[in-house]
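Undergrad: Residue numbers (our numbering), protein chains in the order written: chain A, 384 to 665; chain B, 111 to 405; chain C, 271 to 617.
Hint data in this document are derived by calculation from the structure and do not stem from the laboratory. Incorrect hints may have been included.
Said to hold, decoys possible - List time: in silico DMTMM-like cross-link candidates among lysine to aspartate or glutamate, alpha-carbon distance up to 20 Å:
#1 A:Lys613 - A:Asp393
#2 C:Lys527 - C:Asp408
#3 C:Lys296 - A:Glu511
#4 C:Lys527 - B:Asp378
#5 C:Lys296 - A:Glu510
#6 A:Lys613 - A:Asp405
#7 A:Lys613 - A:Asp390
#8 A:Lys535 - C:Glu477
Stated by the list, open to error - Facing chain C, from chain B, some residues (calculated, C-beta under 8 Å):
#9 Leu122
#10 Ser200
#11 Ile210
#12 Ser211
#13 Phe218
#14 Leu222
#15 Leu225
#16 Asp289
#17 Leu333
#18 Ala341
#19 Val344
#20 Trp376
#21 Asp378
#22 Phe382
#23 Leu389
Owing to the predicted nature of the structure, the values given are computational and were not obtained by experimental measurement. Beta carbons are placed, not taken as given, at the ideal position from N, Cα and C, and that holds for glycine.
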Amino acid sequence: MSETILDLQDVTLRFGGLVAVDGVSMDVRQGEIRALIGPNGAGKSTIFNLVTGVYRPNQGTIRFGERSLNGVPPHRLAGLGIARTFQNIRLFSSLSLMENVLIGAHSRGRSGLAGAVFRLPPFRQEEENLSLQAWEALAFMGLDQKAGELAKNLPYGEQRRLEIARALVSQPRLLLLDEPAAGMNPQEKSALMETIRRIRDTGITVFLIEHDMRVVMGISDRVAVLNYGKKIADGLPAEVREDAGVIEAYLGTGGKRERRRTRPVVALPQVALEGGAGHAGN
Amino acid sequence: MAQFLQQMVNGLALGSIYALIALGYTMVYGIIALINFAYGEIYMFGAFTGLFLVLTWKANLYLAIFGAMAFTTVLGLVVERVAYRPLRRSRNAGRLSALISAIGASIFLSTLMVLLHGPATTGFPTLFQNRNFVLGGASISLYQILIIGVSALLMVGLDLFVRYTKTGRAMRALSQDADAAALMGVNTDLMIAITFAIGSALAGAAGVLAGIYFNAVQPYMGLMAGLKAFAAAVLGGIGSIPGAVVGGLLIGLAEIMGVAAKLSDWKDAFAFAILILVLLVKPSGLLGRSIIKKV
Amino acid sequence: MSTVDNSVSGAVPGAPAPRRQPAWLKLWPVQALLFLALLVAVWAVTEALNLVIPAYQGQILLFTGINVIITLGLNLITGVTGQLSLGHAAFMAIGAYAAAICTVSLHLPFALALLLGGLVAALFGVVLGFPTLRLSGDYLAIATLGFAEIVRVVNTNLKITNGAIGYYGIQKRVDLPLVAMLAVAAVAAMAWLENSRNGRAMRSVREDEIAATASGVNTTFYKIQAFAVGAFFAGVGGGLYAHTTTFIQPTDFGFLKSVEQLSMVVLGGMGSIAGTVLGTIVLTAAPELLRFMSNYRMLVYGATLIVLMIFRPGGLLGGVDLRDAVRRALMLGRSRTVRTSVGGDGQ
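Sequences are here, hints too, so could you generate the full structure?
TA: Shown next as structure tokens:
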């Protein structure tokens, strides 16, 4: 087994009385594609936000490689090698694709105010390097032809790809993808799965949240399942799919009716889970 | 102690005026997140309307207040219609465009009054004999009773309106989620217009009260009063009706206390110094909802 | 622990086509010299202009130049970094008083006084920048407004500023060529700043703070930096103003002045240097051009702001890519990357 790159130990986060994440421990290993699934509101995105420092855990530790992430300011994470995308796309929408990706490369540069105003050779060299890296990232995601367009004018699927390009350009060791397939059609989803594999093949560890079981079961090496903020299963895709607790979380059982009634959406993942099972049968 | 009580009374009277204007700011902000910079000018027009009614038609106090409220209601609606509604309709107009438009309306209105009346300050004719009552060592004038009384009446009325009428409920729904409210059949434009109307009426009443209290009416009186009232609304937590009242009263009190402490030269800075200090400790204002950052 | 080569390079051969520019033009000493030559040219032209045009028009030009320097600073804070400021005139006031005190009481050279005025204003910019750690949007706007009012009241009550009477006896040290050169330098500095890692980080703060943070941008740092640099520009502009009018008083820098400066930035097109310059020229000249209307001119001014915001909410140049427009006008062919639909997108 390869070594652990991200390690969550007993992580808990409360919002007032609500326990959003409840004593979750899980790890992500170097070079794998790791998935986190669960019904809506299970706390998946919250885990990402904890890892990226948007929220601070009430208890527990998060380690990235050898380093504890407790108390690391969120803007430092990109430099340490953690990049992410967002569930509801967050692009710099009135800037061009090129500029979006250049900002993604912020942590790869060092120049400041003086460099910008005096434009001495080191500054120019850095700008050239950054823009070269930006081109590469755009091309990797197949967006280099549109580099000059404004992000807000892109179709939805390309916006998602631009977000990934922006994350990739920082040359992360760990890439967090928050529902990358949301809103995509089947063709786009297959292309996305291919892209995620390609990213993994460059040596980047991928940690993703996804609702689409076809995508999750198709590409993940290991899958963890979250329900009501607690981890209820963790293992190979096939194991997780058979897990009684997981099936109960998604489909509910007679004995749990009481709880189910409070859950807003349950129908969507149900369908997706069946779809996933069908795919794996092939 | 008596001295302190006296300042409390004075501060309460001044604060009531700020609170009335602050209500207009906070209601409009709560619903469409717009800083209506023209409110100070609507308050000024209220004062002038009252003055005009008293001078020309020999109106009594009540007529002056009601007349001013009626006129500023119309004025508020016109400003909303001309300067804000077209911007709301335009998809390209950001919040800053609306702000600049509001500032344009403010400059327009104050200049208009300079043209109509001239820049000079006019005293307010005596409507009734002022008298002082002594209350636990502090004296309170009839004017002060009038201001505090009318303000309290209007605020309670507003609170009841927003809480218990169908229109009030629609307004609250709108401030929570404009799209959802529209889907539920709330007539957004109408509700926004009503909000402007109510806010403007309150500012009009505040204008007459201030004219009587300070015995001074002039075309630029709206600027500083408006800024301080806006500061009051933010201090209390913008969008919150009780917050506007609390903020208004606090700023009125602070100013009076400052004057009592022989710092009257600095009094215009108090409102803002308090505001900044409060915001640093509680960024959403005293009674404001804190916004949870959503990712 | 093995390091992994996780660069995505190699996947694509396609690097950008290099710009067609002679190699010698890319050498920085050459560019520096060219820039100096530009400044000299500006000086020569304005010096000549000064002889030809009447004093009154020259004065309007001069104030336009000073205003450009100041509004470029505001554009950096509000237009580029997205931090709404309603108190920019306070920085101008601080710079004006500081520079005036430097030359009058401390007998410092004028150039040094200008620089110090800018630096003192920048210091206050940092001080005001700190509330931005916690405030955003309209709360920040009201805090900046409050700050400006406090500065005005303090200037009215301090001995060193000579209070409400105003500070007089400042020597007139400013002429059109000086202002023109400084304004051109200011435009250039802003253009360079915006087109850099530093400037992109500032824009990312305006666009989406959460995504900016995730991209490694320290949003707090860039907000404070924007306030400091923006205030510096306003401070220098204030110093120029003081040494032009030779007399300053606290009411010169009130709320309406801040509003006027914001109007200039928004009118031209937020976040655009060309827009800021255009808006400043229009709004500096407009009241003068409208002077024949005497009392009605502020009425027209107010109405114009409303009408412009209704019909061009993104500002006069909002959504216009100037470089593209110029290129098209000069028939120099299309830009390297194809731009679809840029027009009509105001900010």
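Undergrad: Does each hint hold? Answer for all of them.
TA: Results of checking the hints against the structure:
1. A:Lys613 - A:Asp393: holds, 10 Å
2. C:Lys527 - C:Asp408: holds, 19 Å
3. C:Lys296 - A:Glu511: Since the Cα atoms of Lys296 (chain C) and Glu511 (chain A) sit roughly 13 Å apart, the hinted pair holds (cutoff 20 Å).
4. C:Lys527 - B:Asp378: holds, 17 Å
5. C:Lys296 - A:Glu510: holds, 14 Å
6. A:Lys613 - A:Asp405: Holds - the C-alpha atoms of Asp405 (chain A) and Lys613 (chain A) are around 5 Å apart, at most 20 Å.
7. A:Lys613 - A:Asp390: Given that 20 Å is the threshold and the Cα spacing comes to 16 Å, the pair holds.
8. A:Lys535 - C:Glu477: holds, 11 Å
9. Leu122: Hint on Leu122 (chain B): violated, closest Cβ of chain C at ~23 Å, above 8 Å.
10. Ser200: holds, 6 Å
11. Ile210: holds, 5 Å
12. Ser211: holds, 4 Å
13. Phe218: With a closest approach of 3 Å, the Phe218 (chain B) hint holds.
14. Leu222: Holds - the Cβ of Leu222 (chain B) comes within 8 Å of chain C, reaching about 6 Å at its closest.
15. Leu225: With a closest approach of 6 Å, the Leu225 (chain B) hint holds.
16. Asp289: violated, 20 Å
17. Leu333: Holds: closest Cβ of chain C sits about 7 Å from Leu333 (chain B), inside 8 Å.
18. Ala341: Holds, about 6 Å.
19. Val344: Since chain C brings a Cβ to about 5 Å from Val344 (chain B), closer than 8 Å, the hint holds.
20. Trp376: Holds - the Cβ of Trp376 (chain B) comes within 8 Å of chain C, reaching about 6 Å at its closest.
21. Asp378: Asp378 (chain B) check passes; min Cβ-Cβ to chain C is 5 Å, inside 8 Å.
22. Phe382: holds, 3 Å
23. Leu389: This hint holds: Leu389 (chain B) lies near chain C, its Cβ roughly 6 Å from the closest one there, short of 8 Å.
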